[in-house]
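One line per chain: the protein sequences are A and B, in this order. Each residue of the first sequence is one higher than the one before, starting from 1 at the first, in the working numbering. Each residue of the second sequence is one higher than the one before, starting from 1001 at the first, in the working numbering.
Think of the hints as simulated: they come from the structure by calculation, not from any bench. It is possible that some hints are incorrect.
[Said to hold, decoys possible] Computed list of lysine to any residue pairs in SDA-like fashion (alpha-carbon distance at most 25 Å, straight line): (1) B/K1049 - A/G40; (2) A/K11 - B/E1088; (3) B/K1058 - A/R22; (4) B/K1058 - A/G99; (5) B/K1078 - A/G99; (6) B/K1069 - B/F1051; (7) A/K57 - B/Y1025.
[Claimed, not checked] Label pairs and their calculated CB-CB ranges: (8) B/L1046 - A/G71: 20 to 30 Å; (9) A/Q41 - B/K1061: 21 to 31 Å; (10) B/R1077 - A/T78: 36 to 46 Å; (11) A/P61 - B/S1052: 26 to 36 Å; (12) B/A1017 - A/G72: 39 to 49 Å; (13) B/I1060 - A/K17: 14 to 24 Å.
[Said to hold, decoys possible] Facing chain B, from chain A, some residues (calculated, C-beta under 8 Å): (14) G40; (15) Q41; (16) E85; (17) A97; (18) G99; (19) T101; (20) E103; (21) F106; (22) P108.
The beta carbon of each residue, even a glycine, is placed where N, CA and C say it ideally should be.
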Amino acid sequence: GAGVSQSPSNKVTEKGKDVELRCDPISGHTALYWYRQSLGQGLEFLIYFQGNSAPDKSGLPSDRFSAERTGGSVSTLTIQRTQQEDSAVYLCASSLASGGTYEQYFGPGTRLTVT
Amino acid sequence: AQSVSQHNHHVILSEAASLELGCNYSYGGTVNLFWYVQYPGQHLQLLLKYFSGDPLVKGIKGFEAEFIKSKFSFNLRKPSVQWSDTAEYFCAVYWGNTDKLIFGTGTRLQVFP
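So here's chain B without its partners, still in its complex pose (with noise of 0.2 Å):
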């Protein structure tokens, strides 16, 4: 069955450190990856997405996160951490073959000034 892996549960970092949260995803053919934040209190929104071409993605925030099809891979990552990145990121994958998006279980990032 198809699934999404992030390895990271808990991370805390201090403000201008830099940021690699991971996601892996079984094979499963063609994919599109997203990565979704959830703030403290406020809904589930979208950070960034890969359909196709440039595997490197630049989302909202100055995230972005790089598509290695060989390791089924799709890492997020942030140069320098702001306190407000504070919040649980979820790493998420459609399956064209299941029409339903699976998430992973969700990383907390916690960033001290």
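So that you can see chain A by itself, here it is in the shape it has in the complex (with noise of 0.2 Å):
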């Protein structure tokens, strides 16, 4: 079946300028989680979803992130005023329900490039 998609899979944007990162969970997954991945990092946790709430933002590292979900699906992440920190490539994952006995199936990623 039709696993976690992302979109873009790049993106190139001028220092400044808002992003939106979407991503397309696996059907009938509540829970929705982004991350993000920086050279050395590992990855971060940044928010997750449990059908269209988010128990834990305190991943967020700026006021200048935000994310939301619609329908229980599809969730975006918004990037306002990038920075140059920003760039990373930014995973979304889908589980069946939220906690740690539920495989996180990821994305391929979208890669952020702030100039």
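Bring the two chains, given one by one in their own frames, into a single complex with the hints.
Below, the structure written as structure tokens:
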């Protein structure tokens, strides 16, 4: 079946511009996660959704970052007034439900470059 | 704060060599433990996981990991690596009181024929 998809696959933007990154989870998965992968930094948790609500937003680096999920499906991560330090690969994952007993399935990521 | 440490950042081996990648986590109560792998150009995928029971768990492609509670460790092993094992390996820990998965910084494995 279809896996997690993310768009765009690559995004180059100028410093100060806003960007939107999209994630389509596996159908039927109620939990959705956003991570940021920087060189040598591993995967940094940003936010997760259970359904349409986000119980844990603690990983968002600043108030320039926001995310929403609608219809319990698609999620959008928005970065406002992008900075060069925002350059990274943004990964989305989904699982049947939240909690550590459910495997997370990852998408291919969006590589964001801020110039 | 909960954290996950992978001390080997880059490992280079010849085919047929044995592999052990270290993973340690900070103390924090009940944990579920995972190893994920990212092959070049591919998505992250689950290699193996430990929730409870036998502390030696076996995963795909001949990998295994041992949970040693007293050492807060979950090291990944493979007796004989292949060129196709070249990838980046991530240890991840789920703490039940936080409801999120914390990843280590990853270990890049290169296997030469």
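Do the hints match the structure? See the list:
no.	hint	verdict
1	B/K1049 - A/G40	holds (23 Å)
2	A/K11 - B/E1088	holds (23 Å)
3	B/K1058 - A/R22	violated (35 Å)
4	B/K1058 - A/G99	holds (22 Å)
5	B/K1078 - A/G99	violated (28 Å)
6	B/K1069 - B/F1051	holds (12 Å)
7	A/K57 - B/Y1025	holds (22 Å)
8	B/L1046 - A/G71: 20 to 30 Å	holds (27 Å)
9	A/Q41 - B/K1061: 21 to 31 Å	holds (26 Å)
10	B/R1077 - A/T78: 36 to 46 Å	holds (42 Å)
11	A/P61 - B/S1052: 26 to 36 Å	holds (34 Å)
12	B/A1017 - A/G72: 39 to 49 Å	holds (47 Å)
13	B/I1060 - A/K17: 14 to 24 Å	violated (41 Å)
14	G40	holds (6 Å)
15	Q41	holds (6 Å)
16	E85	violated (17 Å)
17	A97	violated (11 Å)
18	G99	holds (7 Å)
19	T101	holds (6 Å)
20	E103	holds (5 Å)
21	F106	holds (4 Å)
22	P108	holds (6 Å)
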